[in-house]
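So the sequence lines, in the order shown, correspond to chains A and B.
Under this note's numbering, the first residue of the first sequence carries the number 2, and numbering increases by one thereafter.
Under this note's numbering, the first residue of the second sequence carries the number 142, and numbering increases by one thereafter.
Wrong hints could be hidden among the right ones.
To be verified - Derived coverage of chain B by chain A (criterion: at least 3 residues anywhere in the stretch with Cβ under 8 Å from a Cβ of chain A; other residues may be distant): (1) 210-219; (2) 240-246; (3) 256-268.
Hint data in this document are derived by calculation from the structure and do not stem from the laboratory.
Don't be surprised by glycine CBs; every beta carbon is placed ideally from N, CA and C.
Residues per chain, in single letters:
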Amino acid sequence: MKLSRRDQEMLDGRHGAPLRRAMEGLVTLGKAYGAADMVDIGYAHIHAGMAMYKDDVELMEELADAGATMAVPASANIANADLVNWRDTGAPEPLARLQQRAAGAHHRMGSASAFTCTPYWAGHWPTWNMHMVSIESTVTIFCNSVLGARSNRDGFFAVYAGMTGRYPRFGYHLDETRRGTHLVRVETMPENISDFSALGYHVGKSVGGGVAVFDGFARRPTLDELDSLGAALGTSGGISMFIVPGVTPPYATVEDCFPQGRPNDAIVADATGIAETYASFSDATDVFDLVHIGCPHASFEEMKDYARLLHGKKVKDGVELWITTSRSVRNMAVEAGYITVMERAGAKIISDTCPMSCHFARTASPDPKLGVTPPTLRGIVLDSAKQAKYVRDMVRCPTLLTSTEKAIETAISGRFVPRFG
Amino acid sequence: MSGARTIQGRGLVAGRVEGTALVSQEPVSFLGDVDITTGAIMGELPSMKGKRLGGSILVFPGSMGSAGAWRFIYQLFKHGTHPLALIAQTLPDPSVVQGAILAGIPVICEPDENVLKTIENGDRLSIDGTKGTIAVLG
Chain A
2 MKLSRRDQEM LDGRHGAPLR RAMEGLVTLG KAYGAADMVD IGYAHIHAGM
52 AMYKDDVELM EELADAGATM AVPASANIAN ADLVNWRDTG APEPLARLQQ
102 RAAGAHHRMG SASAFTCTPY WAGHWPTWNM HMVSIESTVT IFCNSVLGAR
152 SNRDGFFAVY AGMTGRYPRF GYHLDETRRG THLVRVETMP ENISDFSALG
202 YHVGKSVGGG VAVFDGFARR PTLDELDSLG AALGTSGGIS MFIVPGVTPP
252 YATVEDCFPQ GRPNDAIVAD ATGIAETYAS FSDATDVFDL VHIGCPHASF
302 EEMKDYARLL HGKKVKDGVE LWITTSRSVR NMAVEAGYIT VMERAGAKII
352 SDTCPMSCHF ARTASPDPKL GVTPPTLRGI VLDSAKQAKY VRDMVRCPTL
402 LTSTEKAIET AISGRFVPRF G
Chain B
142 MSGARTIQGR GLVAGRVEGT ALVSQEPVSF LGDVDITTGA IMGELPSMKG
192 KRLGGSILVF PGSMGSAGAW RFIYQLFKHG THPLALIAQT LPDPSVVQGA
242 ILAGIPVICE PDENVLKTIE NGDRLSIDGT KGTIAVLG
């Protein structure tokens, strides 16, 4: 593997112990995947340090203590507790206090402690051809597929890449990986953001780790719709990138996506596939304790929409409505008056975390001294296939999947309103 | 180590370790497959049903595209329930390699024979993650 002079200096320890450790890790990774050299990255979406996992916040604190800093603009991924409004979620105080320590580590390292799965709505907006890293698959997919940046689905080493500003050239950093492998024929135009999620989940099951090319959207999907589609594709499949010709840079046509020729077969994305996803995440129950919207973390436009739907309404007694968004978007929504409307309706606005990421998760491994006891939930109503899949796997309670509008109707009426019928 | 049979693979993560083989015939995702605090197999891995990962050398076909695998491998390490080494028939996902580097667990992949058939549960193995060698001690 060819290293620059500075890469070699970092590897030799001439720039301190943290950078040596980071470069050693990146070189080992690069050799494993046959990388020819390293690329300069322009952005890193990195590990938060998660309070629900033993010694995980400490992992970030150790780096900060050792003097590690971010060489490029960096944001932190979603965390395990709302750092400010944790009482609203029922999280035990020691868990929230531990999670707050991660923010301190990020401040010292110079990364924006965004604690969100949608850092782009908070202003982190990489552009075409920019190499970057991301620990969150939703971010990888959005940046590859909507912005034209170049990112793999990374793990912890996104932190090492952020520290060194370097990453081995393999996977989606190479042109030859950024090509269509599967053609998707869209026969039913999704009607709302949740439908895009349902469609993405359906398609992802057939694409595995490939690149899906979508042909046939009746109009250009909005940024929120593309975000929802990508998050779901990455949940049911191992996808890092999808292509919508005319939207994803630099692909203008379906032919551009398949230099070896258009595949003979296409995956059909139609009303049946969308309905199947809703059905598969709607358990045979109509009992629920919580309605959740805002997965991935809501954009300002989505917050505007929620405020419109909740204006003058009241969430039913005995039901909780959680709206999850990043703290940055929350602050914008405060300025716009949306938070007042939502809170007046009885909604809880939660940042830094979400149902599957918070103390509800039963598959995590928090330090016993934090006193985390996941609550027993009878069911959660959701508008996102991604959240539904992980609530089922990690929170292990029944799910009811519907559209955003009907999830809000559900919270107001206290009775589950399905997407269809 | 005279008399031991040696299998050659590709060393991905350095380190030398001796231990007992635990063979999975199914790909492993780590996320959801294993209980972190006990190392007990939980997921749909029939060939390892009832087994525990801790202290074994895990021999497996490859991983299943889970970006969160690194966190679970690191958590197993933090709870002392981690495998001593990983031997993967095919190149595992980057997240698995990142978790192994972080936890200091040696990894070998692409051995020159089908170890899923030639290595059995309970075989004593001595592996070198730098050289990529797997010695079957019997």
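* **Indices of hints not satisfied (ascending)** => Hint 3 contradicted; others consistent.
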